[in-house]
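Peer 1: Residue strings, one per chain:
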Amino acid sequence: MPGEHPQTLTRSTVAVRSASAPAAPDAETLHEIHRQERASVTGAPVTAPLLPAERALLRSVEHAVLDERRLLTATELSALAALPDSAVMALASLAHQVRLTWCGPAVEVEGILSAKTGGCPEDCHFCSQSSRFDTTVKATPFLDTDEVLEAARQTAALGASEFCIVLAIRGPDERTLARILELVPLVHAETGLNVAVSAGILTKDQARRLAEGGVHRYNHNLETARSFFSEVVTTHSFQERVDTCQLVREEGMELCCGALLGMGESDEQRIELLSELQDLDPTEVPVNFLNPRPGTPLGDRAPVGAWEAVRWIALFRLALPGVILRYAGGREITLRDLQAIGMTAGINALIVGNYLTTLGRSSADDLQMLDDLRMPVAALTVAF
Amino acid sequence: MTQLPAADSAPAFCTGCGQSSASCPGCGRDFDPPRYCSACGRWMGVTVTPSGWTARCKEHGEQHSA
Ligand code: SF4
Ligand SMILES: [Zn+2]
Ligand SMILES: [Zn+2]
Numbered sequence: 002m003p004g005e006h007p008q009t010l011t012r013s014t015v016a017v018r019s020a021s022a023p024a025a026p027d028a029e030t031l032h033e034i035h036r037q038e039r040a041s042v043t044g045a046p047v048t049a050p051l052l053p054a055e056r057a058l059l060r061s062v063e064h065a066v067l068d069e070r071r072l073l074t075a076t077e078l079s080a081l082a083a084l085p086d087s088a089v090m091a092l093a094s095l096a097h098q099v100r101l102t103w104c105g106p107a108v109e110v111e112g113i114l115s116a117k118t119g120g121c122p123e124d125c126h127f128c129s130q131s132s133r134f135d136t137t138v139k140a141t142p143f144l145d146t147d148e149v150l151e152a153a154r155q156t157a158a159l160g161a162s163e164f165c166i167v168l169a170i171r172g173p174d175e176r177t178l179a180r181i182l183e184l185v186p187l188v189h190a191e192t193g194l195n196v197a198v199s200a201g202i203l204t205k206d207q208a209r210r211l212a213e214g215g216v217h218r219y220n221h222n223l224e225t226a227r228s229f230f231s232e233v234v235t236t237h238s239f240q241e242r243v244d245t246c247q248l249v250r251e252e253g254m255e256l257c258c259g260a261l262l263g264m265g266e267s268d269e270q271r272i273e274l275l276s277e278l279q280d281l282d283p284t285e286v287p288v289n290f291l292n293p294r295p296g297t298p299l300g301d302r303a304p305v306g307a308w309e310a311v312r313w314i315a316l317f318r319l320a321l322p323g324v325i326l327r328y329a330g331g332r333e334i335t336l337r338d339l340q341a342i343g344m345t346a347g348i349n350a351l352i353v354g355n356y357l358t359t360l361g362r363s364s365a366d367d368l369q370m371l372d373d374l375r376m377p378v379a380a381l382t383v384a385f
Numbered sequence: 115m116t117q118l119p120a121a122d123s124a125p126a127f128c129t130g131c132g133q134s135s136a137s138c139p140g141c142g143r144d145f146d147p148p149r150y151c152s153a154c155g156r157w158m159g160v161t162v163t164p165s166g167w168t169a170r171c172k173e174h175g176e177q178h179s180a
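First to last, the sequence lines map onto chains A and B. To convert, count from 1 in the first sequence and add 1; that's the numbering used here. To convert, count from 1 in the second sequence and add 114; that's the numbering used here.
Be aware that one or more of the hints could be misleading.
[To be verified] Only pairs whose alpha carbons sit at most 20 Å apart, straight line, appear in this in silico EDC-like list of lysine to aspartate or glutamate: (1) B:Lys172 to A:Asp145; (2) A:Lys139 to B:Glu176; (3) A:Lys139 to B:Glu173; (4) A:Lys205 to A:Asp244.
Worth flagging that the hints you see were computed from the coordinates, not collected in a lab. Quick caveat, the model's predicted, so the values are computed rather than measured.
Starting from the given sequences, assemble the full structure and let the hints guide the process.
Peer 2: Structure representation (structure tokens):
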């Protein structure tokens with residue numbers, strides 16, 4: 002009778018196979034064996050109860066972040082990263098508590114626009130806009146003012162508070178900087194949106210002029226760990242990125258500094274990135290998942306698994322309790338139907354609508370998701 | 115500029131790679147805008163905005179997202 006050996010049947014496929022079974026299994030037993038074999042194909046079952054040591058780890062982390070209100074160390078984050086898949090929902094639940102405690106229930110909504118697409122001289126191996134790779138995205142001219150204003154109006158109509166103008170360049174030349182400085186006040190006056198800019202590496206003078214020109218937040222991603230960076234970018238250094246991030250803060254803009262997960266980096270390197278982000282102390286961290294682009298060196302990589310993505314969203318929130326943690330590119334193909342779980346695993350901001358060169362899921366679906374989760378939409382700023 | 119074929123007729127070219135539909139039945143991915151014109155296979159400049167996209171074929175003019 003299968004009911005007499007429940008533990009054998011629910012522990013693992015190996016145990017079932019290695020058990021000496023004198024009699025042929027009945028239909029119900031076979032069904033259970035097949036169910037387990039199917040489960041083993043797509044990943045281990047994720048419903049096992051937590052072990053005492055796992056519960057103790059989560060309690061100590063909860064105490065550190067919610068009671069002591071301190072940042073977790075790399076050692077603590079590594080221990081969390083090593084938890085089994087069956088602990089991911091507990092990790093997500095704790096991350097959600099941390100988000101509510103540190104940031105509240107509101108969600109910030111942003112629209113982004115690639116105002117200068119393709120033809121970038123840099124060689125970021127994940128990017129379809131690099132001129133070094135043979136992709137279907139080619140250099141196109143800077144959009145007209147009217148096109149930028151129309152995109153900003155679309156963004157405002159989606160209920161967003163933030164609009165980011167993005168340029169595929171190494172850094173702005175004088176003409177490009179002047180064009181950005183012309184657009185920023187126009188967009189703000191036309192729509193009332195906070196205007197963010199992403200235009201690559203800056204000098205101190207350029208950062209100052211952008212801050213004085215009304216740029217609310219400047220995006221410059223670290224993307225990955227210092228120790229992995231040269232595997233995916235060779236035309237500029239990790240330190241150049243850090244330097245620009247520091248200039249942004251020094252000159253008084255809010256820093257938006259994100260990550261791109263799934264390029265082949267190890268768990269330790271993700272923790273290393275989190276430690277760098279803790280040091281930089283950005284206002285916002287957009288979390289991107291690799292959407293492998295045909296023609297780029299990373300074009301054949303498999304996307305991050307959905308369950309793994311939930312784990313790392315939770316780890317980002319636990320490591321960076323006060324940041325605006327934004328869902329960015331790749332979430333549709335990575336999380337699919339689990340996108341709402343990310344919202345209860347630490348995410349408190351969204352890019353709605355389309356991305357720079359790829360499309361997002363419908364903004365109506367995102368706004369419905371927030372409504373169903375009873376998460377109000379609001380502009381956010383630094384937590385504390 | 116020639117007319118685009120009617121929307122309900124089979125596309126002559128793959129919008130993901132620009133090859134004829136006989137060579138590629140369609141390799142465009144979910145969440146990608148068209149990059150090649152379905153009528154002539156030419157590469158198109160594409161503007162992606164928060165609410166849609168516009169693609170421009172030199173021969174067939176502008177196409178917009180629904
Ligand atoms: S600098 Fe930006 S636009 Fe240029 S290749 Fe790197 S990610 Fe792409
Ligand atoms: Zn094709
Ligand atoms: Zn055409």
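Peer 1: Please go over all the hints and tell whether each is borne out by the structure.
Peer 2: The hints, checked one at a time:
1. For the suggested pair Lys172 (chain B) and Asp145 (chain A), the alpha carbons sit about 19 Å apart, so the restraint of at most 20 Å is met.
2. For the hint linking Lys139 (chain A) to Glu176 (chain B), the alpha-carbon distance of about 17 Å falls within 20 Å, and the restraint holds.
3. This hinted pair checks out: Lys139 (chain A) and Glu173 (chain B) have alpha carbons roughly 18 Å apart, not beyond 20 Å.
4. A C-alpha spacing of about 10 Å is found between Lys205 (chain A) and Asp244 (chain A), which places the hinted pair at or below 20 Å, so the restraint holds.
The structure is consistent with each of the numbered hints, conforming to all of them.
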